[in-house]
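Trainee: So the protein sequences, as listed, match chains A and B.
For the first sequence, counting from 1, position 263 maps to 263 in our numbering; every step adds exactly one.
For the second sequence, counting from 1, position 203 maps to 203 in our numbering; every step adds exactly one.
If you're looking for bench data, these hints aren't it; they were derived computationally from the structure.
In this text the structure is predicted, and so the values were computed from the model without any measurement.
Treat each hint with caution, since some may be false.
Calculated cross-link-like contacts (lysine to aspartate or glutamate; reagent style EDC-like; alpha-carbon spacing at most 20 Å) [stated by the list, open to error]: (1) Lys239/A - Glu255/A; (2) Lys112/B - Asp191/A; (3) Lys111/B - Glu166/A; (4) Lys85/B - Glu227/A; (5) Lys95/B - Glu39/B; (6) Lys85/B - Asp170/A; (7) Lys85/B - Glu290/A; (8) Lys203/B - Glu185/B; (9) Lys99/A - Glu10/A; (10) Lys112/B - Asp80/A; (11) Lys99/A - Glu157/B; (12) Lys32/B - Glu157/B; (13) Lys85/B - Glu255/A; (14) Lys222/B - Glu194/B; (15) Lys112/B - Asp229/A; (16) Lys6/B - Glu146/A; (17) Lys239/A - Glu290/A; (18) Lys85/B - Asp115/A; (19) Lys85/B - Glu169/A; (20) Lys85/B - Asp191/A.
Over 10 Å on every C-beta distance to chain B, these chain A residues come out as not near it, computed from the model [claimed, not checked]: (21) Phe43; (22) Asn71; (23) Thr107; (24) Arg118; (25) Leu177; (26) Leu219; (27) Glu323; (28) Leu336; (29) Asp339.
Every residue, glycine too, gets a C-beta built ideally from N, C-alpha and C.
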Amino acid sequence: MSAAGSSNPEYVNARVRARRGALYSDEEYRKLVRMGPAEIARFMEESEYETEINALGARYSGVDLIEYALNRNLAKQFDDILDWADGRLYDLIARYLRKFDAWNVKTVLRGLYSDLDRQAIEDDLIRAGEFDERLVNRLLEAGSIEEAVDLLDRTMFGDALAEAYEDYEDTGVLVPLENAVDRAFYENLLDGLVVDEATQQYREFLRAEIDFRNARNALRLARSGAEIDPSEYYIEGGKLFRAAELSTLAQNADELVSRIRESSYGDDLSAAIDELERADSLIRFERALEAALLEYSDTLGYVFPLSVTPIISYILAKEREVENIRAIARGREAGLDADEIEDELVIL
Amino acid sequence: MAEDVKPTRKNLMEIEDRIELSERGHDTLEQKRDGLIMEFMDILDQAQDVRAGLNEDYERAQRTINMARAMEGDVAVRGAAAALKEHPEITTQSKNIMGVVVPQIESSRVKKSLDQRGYGLLGTSARIDEAAEAYEQLLESIILAAEVETAMKKMLEEIETTKRRVNALEFKVLPDLYDNKEYIEQKLEEQEREEIFRLKKIKAKKEEEEKEQEEAEKAAAKEPETVVADD
């Protein structure tokens with residue numbers, strides 16, 4: 001409910017365990033990959049997503065209905081978790097869920113940048129973060145990017161956005177603002193995190209997420225050939241790279257790959273690295289990184305059953321479920337066959 | 001047609017001039033048509049390659065955008081697209097191929113580097129990069145195809161026009177001119193023959209008259225002189 005008060009992991013874990021049981025099983029995924037978009041929506045209506053499908057059914061249809069229903073359900077589930085949590089537990093969960101605040105800020109900025117109307121921006125928001133309804137509504141009513149940046153002054157994105165706004169004014173592109181928002185989120189993940197036995201693994205997970213993000217970005221930069229300083233995109237907090245190293249490694253993709261192979265993630269990512277070297281596909285590497293993170297998060301759930309870790313594990317599993325259903329629906333819409341879709345899914 | 005022409009020597013000379021000009025024009029147009037066909041065949045080969053490339057690029061672009069929408073979500077893909085500021089621009093110039101003016105399309109800001117696409121790097125994935133790259137490539141192919149296919153259509157139109165002109169000269173204008181020439185020549189010959197005949201007739205008549213006069217004079221000379229008595 002708030003960061004005040006004492007932590008209540010027992011209560012939240014009990015509630016989350018029930019929610020975890022409602023996630024789709026492998027068997028259900030196997031059914032879903034053989035359905036068309038309309039059948040998937042019908043299947044979802046008979047499960048956890050009933051309220052969202054019924055609420056949005058009049059406005060959207062087909063895969064859009066599925067995607068918006070998934071996003072709304074995800075927001076509701078995570079909002080519930082933040083409502084249940086108190087004290088330190090709330091802070092630990094909110095750290096990760098602020099990624100949706102970052103998403104919403106970027107969505108509003110992009111909407112304002114491309115002159116979209118309020119409804120179009122609002123439809124794309126995922127209200128799963130910490131921002132309250134009032135702030136989100138004020139952001140939606142902002143008439144300009146400058147006004148939106150001012151409104152975010154008191155949030156964790158405030159300083160970074162104010163600093164990046166000058167760059168935005170100089171260049172006229174959203175890149176500095178978007179990067180500032182994402183950087184603020186990632187750097188806030190580990191900022192002031194008190195580490196004890198129970199949160200040790202959580203910290204390792206967050207570090208891995210930062211390391212993987214740094215590795216992905218460095219590889220993207222190395223491949224794009226764009227004249228960008230990789231250290232500008234470096235996120236502090238990981239253990240795999242330092243800013244100065246990343247600048248050098250981004251010049252040489254082979255060296256970067258061998259560095260990842262030799263790191264502590266080497267074993268977990270060996271399949272991904274092989275794929276990257278063999279197929280020269282960054283996408284497959286990214287998917288392998290996601291699978292490695294999910295596998296790691298799954299182990300989080302069993303080590304300290306009454307800490308934040310099972311909750312984070314559920315959050316990641318829920319995110320993955322949403323991504324998988326969306327992938328199935330969009331894949332079916334695009335005419336991909338069941339095997340191709342199954343190949344793209346990340347399921348534990 | 002031929003009956004409409006006055007069979008005069010002046011017209012005959014004019015028609016002979018026109019025949020000479022039309023034959024020269026026919027030869028030139030035939031050469032132009034053959035030249036255009038050769039140029040067209042070259043452009044056709046190029047257009048076929050470009051079209052095949054365009055289809056491949058389209059398939060690839062559709063596939064990457066479908067995958068990006070599937071894996072990242074439609075909202076994320078639309079969001080990344082909304083961040084674009086520098087839209088591609090095209091400028092058109094023209095060039096001349098054997099008298100046919102065809103467009104030359106120059107594009108700018110189609111292919112962009114990672115930092116020019118407008119979306120942040122930290123919050124997006126390689127799938128969006130790949131979709132953006134595939135669409136940039138598709139756009140370049142479309143622009144090239146537009147240039148080559150417009151040139152091809154213009155060449156084809158010009159070939160058709162030239163072919164129609166060659167055919168008109170070969171099967172209509174020249175045969176008509178030859179008919180007219182023949183008609184005038186025949187008429188003129190006929191007139192000449194008539195003239196000769198007429199002259200012969202006049203000559204014969206004149207000779208007859210002269211002969212009659214001569215005979216009359218002779219007869220007058222044979223009659224005895226009559227003396228008239230004085231009172």
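Trainee: All hints, please: hold or fail.
Mentor: We went through each hint and held it up to the structure:
no.	hint	result
1	Lys239/A - Glu255/A	holds (17 Å)
2	Lys112/B - Asp191/A	violated (35 Å)
3	Lys111/B - Glu166/A	violated (26 Å)
4	Lys85/B - Glu227/A	holds (19 Å)
5	Lys95/B - Glu39/B	holds (14 Å)
6	Lys85/B - Asp170/A	holds (13 Å)
7	Lys85/B - Glu290/A	violated (30 Å)
8	Lys203/B - Glu185/B	violated (26 Å)
9	Lys99/A - Glu10/A	violated (25 Å)
10	Lys112/B - Asp80/A	violated (42 Å)
11	Lys99/A - Glu157/B	violated (60 Å)
12	Lys32/B - Glu157/B	holds (13 Å)
13	Lys85/B - Glu255/A	violated (34 Å)
14	Lys222/B - Glu194/B	violated (42 Å)
15	Lys112/B - Asp229/A	holds (17 Å)
16	Lys6/B - Glu146/A	violated (88 Å)
17	Lys239/A - Glu290/A	holds (18 Å)
18	Lys85/B - Asp115/A	holds (12 Å)
19	Lys85/B - Glu169/A	holds (13 Å)
20	Lys85/B - Asp191/A	violated (34 Å)
21	Phe43	holds (17 Å)
22	Asn71	violated (7 Å)
23	Thr107	violated (6 Å)
24	Arg118	holds (14 Å)
25	Leu177	violated (8 Å)
26	Leu219	violated (8 Å)
27	Glu323	violated (7 Å)
28	Leu336	violated (7 Å)
29	Asp339	holds (15 Å)
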